[in-house]
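In case you want the letters, here they are:
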Amino acid sequence: METMCYYIHALTALHAGTGQGVGVVDLPIAREKSTGLPIVPGSGIKGVLREELNPSNPGTDDLQPCKDEHGQDRSAEECWLTLFGPDAKNVEAGKEGSGFAGALNIQDAQLLCLPVRSVYGVFAWVTCPFILQRYQRDLDQVPDAPPLPEPLCPPDGQQGLVTSHSKIDEEKKVFLEDLDFQVTKGEGTIDDLAAYIAKAVFPVDTDEWRNTFIQRFLIIPDNVFSFLAETATEVRARIRIEPGTRTVADGQLWYEENLPAETLLWGIIGCDRSRSEKHAGSAKELIGHFQEKIGTEKSLQIGGNATVGRGRVRWIPGPVGG
Amino acid sequence: MTSITMKRKKLPPTGWDNPGLFFDKGFQEWKIDSGKRGEDIASHIKAVCDIPVSQIYRDAYRRWIRETSNKASFAGWFGQLDGTRLFIGLGMAHVLETQVCRHPVYGIPYIPGSALKGLARAKAKKYADKGEYGMNQGVVNILFGPDCNDPKNPDIEADTGYLIFHDAWWIPKGEEGGSEDKPYVPEIVTVHAVEYYKNQGKKDAPHPDMESPNPNQQLAVQGSFYFVVEGVPQWAELGRKFLTLALEADGIGGKVAAGYGYFVEEAAQKKKREALEEVERERVATQKAEEEAQRAAEDKKRQEKIAAEEKTKWLASLTLEKLLIHELNTLLDQHDNLSNKLGTAAKEIQSGIQGQVNRILKHNEWHLAGNTDKREALESIERSFPLLLKKNRKKKLDNAKRLLAAEDDE
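Read top to bottom, the protein sequences are chains A and B. The first sequence begins at 1 in this note's numbering and counts up by one. The second sequence begins at 323 in this note's numbering and counts up by one.
Some hints here could point you the wrong way.
Calculated cross-link-like contacts (lysine-lysine; reagent style DSSO-like; alpha-carbon spacing at most 27 Å) [to be verified]:
hint, chain 1, residue 1, chain 2, residue 2
1, A, Lys293, B, Lys393
2, B, Lys332, A, Lys173
3, A, Lys172, B, Lys329
4, B, Lys347, A, Lys167
5, B, Lys504, A, Lys167
6, A, Lys167, B, Lys368
7, B, Lys563, B, Lys495
8, A, Lys199, A, Lys298
9, A, Lys173, B, Lys495
10, A, Lys167, B, Lys329
11, B, Lys331, A, Lys167
12, B, Lys635, B, Lys723
13, B, Lys563, A, Lys173
14, A, Lys173, B, Lys723
From the derived model, a few chain B residues whose C-beta atoms are all more than 12 Å from chain A [claimed, not checked]:
hint, residue
15, Met414
16, Gly453
17, Thr608
18, Ala619
19, Lys622
20, Ala629
21, Lys633
22, Asp720
Source of the hints: derived by calculation from the structure; they are not laboratory data. Each residue gets a CB set at the ideal place from its N, CA and C atoms; glycine is no exception.
Model the full structure from these sequences, guided by the hints.
Here it is in structure tokens:
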């Protein structure tokens, strides 16, 4: 099994939903059962990547045929099916031979940093020790990824850690939404941690986004973060207007939850050996093809409500390992 | 279990970078009994309006422009509020009894894609009903998705619309199309005769003139927005057209009936877009003209070929005299052309030929002519135009002469 890391940077509100909810929000976002932290399910990401790399799509002419271990050409289509697996419908119809699982396994994207409005610096990219520890554990699966600096734990209570270059603090205080934090500046590995994430999410540094991130990085205790992850997501009211009267149609007001723009997530992609009968291929070879095809950074649409502009993200592949 | 402290002792009174957050949380003190509630709200709103746009929003805006600058899948439009202001999200609940749709992170106003999609859809539907712009309900359904709540079409199946309507981003001054560096502006909406309208129709309704007007402090938006529709070029352009027609004519947001929320295209951007469109139009026109010229040339060739074939057939079907008349006329035409160049000498030859032709033409009602005339005409032709009488013409002529001779013998 080969592994690589990927990141998602939301440019617009991102609605990876569950379909329905019983609370105030009619259409909540998907969350991890055990922690309540927002996730973007891997299935949704796999579908988008599968479509993005579909060789029969217009605009994918640049997809080159792959070469297998013996230097034999393999069609782009065949390579694509090996990576993502054939369409069950086509298999049933006998178009694509017998079914097999795709070599890639794309895991859920997990919340890395949540943007929360701040009195100073407009907003902060907030995370917590629990998330950083999990992030570190995932990165450990990717041996080629540089090791994450040791995650930090701010003291309990409403205390936080910011970088030496922070722009969100004033007199050792950070004010977010309804919460105040006493912060320590530039302690321990905080600068390195911020720089690590900044480099991973902004591999090509345009408009100094790396600095922008480092200036707004904030680590707060797990329990406070959990509260923010529950309450600081974006909830949008939607209505349907009755065309005749131009008023809201009866009962047509609903609330949708989104991950706000600027949310950062990370996830892991595993790659196994080929399970296709047509050709064998090692995990290393296949993940190489995948990386070659995906390139550096993709502009993708993930999640629901696409036609009203939701879910435009930067999808950034991280380093590979094995 | 540790508790989270949400009661704040003191918030910084100034230096807020996020106007949205300041609007929501920065209201310092509510002096309930002071009787100055309106003034307090007004001064808070004014402070919100004094916060200039942040650098990070500017960066995010530039990134968005880059993200959507690919002409192959995005149709953009820079709209400026036409001497008016915008109320968007006015109806949402807020403790200050005014509200504006603003970005949950940057705190800068935006216009939701869902509102823009609804607006454009309504416009497109109007054109479809009238059959204008080549629109019909089918196209509306494809572009925007069908209306599953339409009582007229209860069985229609849900489908995603094709076009993507992105949120409109507020343009900061200094960026293309931007005119302001502060997005918010205080506005007063004054309600008159509240009690009168509340109790209308009731006996004890107070006279409207007895009430004091009730001015309300509101937060409005000024400046310009960047709108963008995503899809394949022609369709995205069509969506943009409906959207912008609606933004110009119908307005968006609250209080459009009172003149709020109307946009015009930002002048410089309009010029730029029109110049680009002109280039595109010219390119299309040139391409079309070239294609047409090619098609015309092919048509001409084909027609010439058909004409030549038909002529050959026609000539073969002619009786001798008609054939001769035809060829003499052709010769004459050619000679006309020639004589224009050669002058008088040629004209004399021409008149000679003309005389011969006239003689024959006199007999073009061949069957009515007498045999003598016929013979004379044939002989004159034989004499004057030996070159014309070759092969089957000569045969036809001889044949004709033989027939005449035979008739004479009878």
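ask   = Looking back at the hints listed earlier, which ones does the structure fail to meet?
value = Numbers 9, 13, 14 and 15, in rising order.
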